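Participant: The residues making up each chain are set out below.
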Amino acid sequence: MLALVLSSVPHLSDDFRAYQLGTYLLYGVAAQGVALAWGRAGFLPLGQALFFGLGAYSAGMVLIASQANATLLALLPLAVLLPAALAYAIARLVFARQYVSGPNFSLITLALAMLAAQLANQWSGLTGGFNGLANIPEIGGLDRYSTVYYLIVALVVASTALLGWLYRTPLGALWLAVAQNENRLQFFGFATDRLKALAFALAGALAASAGALYATQQGLVTPQAIGFELSTELVIWTAVGGRFGPYGALLGAVGIGLLSAELRDVWIHWQVAMALIFILVVLRFPAGMAGALQTYGRRLWPRSWMAGAESLSSQSAAAPNYLPAPPRNRAADTSTLEPIRLEFNRVNVRIQGVSILSGLQLHLRGAGIHCIIGPNGAGKTSSFNALTGRLPLSDGDIHFSGRRVSGLRADTIARMGIARKFQIPSVFSALSVRDNLCIALWGNRANALQLLQASTWRWRSTLWEFLIASFPFLETESDRHAGELSQGQRQMLELAMTLLMEPRLLLLDEPCAGLSVAETGQQTDVIKRAVTLIGCTALVIEHDMAAVARLSDQVHVLHQGRLLASGSLADIQGNPDVQAVYSGGQK
Amino acid sequence: MDASAVTLALNLIYHIAVLALVGLGLGIVFGLLGVMNMAHGEFIALGAYAMLAVQNHGLAPGYGVALAVLGTAALGYPVERWLVRPLRSRPLDTLLATWGLSLLLRKSIEAVFGRQYQNVSNNLSGTSTLLGAEYPDYRLLLIVVIFVGFALLALWYRRSPAGARLQASVANRPLAQAIGIDVDRQACVAFVCGVASAGLAGALLAPLVRVEPLMGMDYLLDSFFVLVVGGLGSLSGLAAGSGIIGGTQVVVSTISDQTGGYVAVLLLSIGFLWLRPNGLLARR
Amino acid sequence: MSPLPHSTTAGLVVDNLGGGYGDTIVLRNVSLSLAPGQVLGVLGRNGVGKSTLMRLLTGFLPLSQGTVHWQGEPIGNRRPNHNRALGIAYAPQEGLVFDALTVRENLSLQRPDWRSLEPLLTSFGRVRERMAIKAGVLSGGEKKLVSFVRSLGEGAALTLLDEPTEGVQHENIALMAQHIRQRSDAGASFLIVEQNLSFLMSVMQRVLVLDHGEPVFQSDRFTRQALEHYLRV
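Chains as they are written, first to last, in my numbering: chain A, 1 to 587; chain B, 588 to 871; chain C, 872 to 1104.
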């Protein structure tokens, strides 16, 4: 439909208008890339013109060179592929070591764009310097003032369709999850730095393709196309137009861009007003104009195409033909026939002089539920953090079924079959309950291709059915945003998600925290039965002694960063050292 | 002593000192308070433009410095109160909001002063001879002012009761509150001082640089990289960062060119993000 | 379990207090009163809500139910930095000292009355010895001592202590008890959250036992044996 509307413009108005519109449509495609990175995957590129300019300059150079040697035209795709590869590399580099978003990425992309503009000015032999790369020929002999417009429309339609499709695939949901809770997503076995790099590479490709067409449409590429000002405008257009979908960015670039071009010279304060609008949008109207349109559209025509599905997975929920999920990826496991072995060997963790773990020595073997108890500050959660790559060891090591685990990344450890549930329930709040469950199911199971297929939404497993039966709200509230659930329900949801991974080692950190007595009973029941169903080993940190009594095969007491005692609950209760620690008689 | 070696050494010292001066504002606002102020460069620009405005009205430069400091401070208060404080727990939104502020300030400067490059006259344009090398007086004055200023600041921060209270609020906010320190008011005062020091930096540097609306961007990036490398939260981190970044810039620019220096700084910062994500001397 | 009689103007009066984090209610139905000169011990295993109670009383968490009155004035939902002006001192369980400041600076941040610090420093020679040392390098027990000296040094009418003896050596615990008794004899009130039963037995006149976020026992008559029962694993 978009194609129809856009193609009709030159007929309705005139070629010049279409030419103008074409330029801003190209900016719109670049802005769609910004929307993908920012609105979807949650990181803000402040220098996106870098890729637009790279695409423009490379395409320009190839086109000029092809006038002498037509076979050089074959190099044209490089004008898109090389910037995309660069984008991927930058994102991988910057995101590799973090799981908390910070300003680093934004500022580095800004610095790169400014550097590129400087180089474009300096290397005048290559780029034509300040005056730009001129006399770029028309591509394939197409008239830049009329026919190229249709090429641009084709690009816009292609990019919008591509993004619209991607946003509905499992990958699209994963990007949303990265934006909402990157830390948690890693514990499902997803390499979030690669996910973000993929998004950025695509954004770079979009910007570069737009830049390439820009070169031939304008016939001239100046450093303006690669520098700071255009990068900033792209962000503004995306913000005001709407960053949560592909249409918003187009709307912003075309609407605001064209408007700016008209008003900029007429009203000197237009740019100041634009800045104020930007601040207002950022603070109050994050969904931008597209969001506003959707809200009003939904109110006026509730059943129109703008209403959209409530949650991504609900489209597949209607169709009852579920597919059995493929088995958990066992490539990274050691033999599944061997019983689990977990060893903390004299683990020491010291942070700024404070000893968190002092020579923790704990060996576990075989299936079953082990409860870890101990007073505050004993090191219980810290032992989990050390095990899952969130706390670096000062000394000692941790082995899981013969493999050294200490020092590995969280997502690698998750892929080895170790699943973790957090003390404060951590889920993807702006995704639906069903979406959350799907993501947990895909962890360590779905390969790259499957993440692009709609059928992956229909995966279910026997364990899934069991969990729905145990926690009926997972089915009845499946379209509700996880953030709207009550605390207790969120605890149960996170437990279900962790179990869906069918791990070999299950780490539960206070799974009954905040639950009522009845809910605690329900939770412990599910844990017991799931552990038997999956056949895994569970390590459970708990304070609630009733829960410990119900769950544990073995109890381990931690105190001051070290193991104090191990044994059955009866043994522990009879142990005088343990009693002393708890009633503080003789510390 | 070889005159060119002395000149190089003075250039190095000057460069590092200026980086520290420019980075101080961001060091306070981002390093200490945790607020990524993307408009940091624009506050510096405002300081420079204050000097320009005063000059255009034929007044003495002293008024310019006063206007720079007071003006940015006055602007800093509503920004802290209504833009930064409500977004305290949302760092990405703070970045966006201050980016918007940076845009607003830049466009306002353009609207009032125009986009062209302008100049603030240098009242101290002579040179002096130091150890056999001739060096501009204004730069020498700046070096002295910066070193003395930082020494006083360090003394205040480490020795005075107010400095101790500020360190306390930043290091352990709940405990500071428990003993009765009004941490919100402290954060506000610290923010205002941070942007005012940016304004001061702009005013002091104005006679030596091109005054134009986009001048703030390079300062923002430089300050950010200084903090990434040196570490957030301490004066020594700021000093270390300035030393390393400044040294790299001067050395590499002498060997290749200014752009080479830029690239080297970028690579160095990315390297630090990888190996020492908290910077060299982090205190937060 | 009998609720304690309310006194209307002096001291701390808590009525049906409840609160938690976000939408989780961790603590509910807590009522207590504390007259000048009284020491109340709050007991319970971990996770039962003891620290939450402290945070609610000191303004770090908003109340979701109930009221707190101090010396006749309602004080629920105020900013924590007002406590000092109200005459309430607080020693938290974690984040005890300012690591980057010396012990002397830690103690003198809010211009205390050094005369009231003197007897404390005489008792706790370790703290006096370490005056010029950065608090961050002290051991856990030493930090607790500094925190204790600081909070008692404020000479407040109501002092809230969260696990003051954790990691502290035996001899010093006895001294802490001694100072608390002296102050309470002089009219100061104390509310102490602890797991160390012996220590509490030597200072408190009233006890409140929490379990699962609710009060399960509250009285001014209690035996050690009965209380141990509540702490049992």
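None of these hints come from the bench; they were simulated from the model. Remember, it's a predicted structure, so these values are computed and weren't measured experimentally. From the three backbone atoms N, C-alpha and C, an ideal C-beta is built for every residue, glycine too. Please note: incorrect hints may appear among the correct ones.
As the list claims (entries may be wrong) - Some chain B residues well away from chain C (every beta-carbon gap over 12 angstroms; in silico):
(1) 705
(2) 795
(3) 838
To be verified - Short derived list, chain B residues pointing at chain A, Cβ under 7 angstroms:
(4) 623
(5) 682
(6) 690
(7) 691
(8) 727
(9) 811
(10) 842
(11) 855
(12) 858
(13) 861
(14) 863
(15) 865
(16) 867
Participant: Now look at each hint and say whether the structure bears it out.
Facilitator: Here's how the hints hold up against the structure:
no.	hint	in the structure
1	705	holds, 44 angstroms
2	795	holds, 36 angstroms
3	838	holds, 33 angstroms
4	623	holds, 4 angstroms
5	682	holds, 5 angstroms
6	690	holds, 4 angstroms
7	691	holds, 4 angstroms
8	727	violated, 30 angstroms
9	811	holds, 5 angstroms
10	842	violated, 16 angstroms
11	855	violated, 12 angstroms
12	858	violated, 10 angstroms
13	861	holds, 6 angstroms
14	863	violated, 10 angstroms
15	865	violated, 11 angstroms
16	867	violated, 16 angstroms
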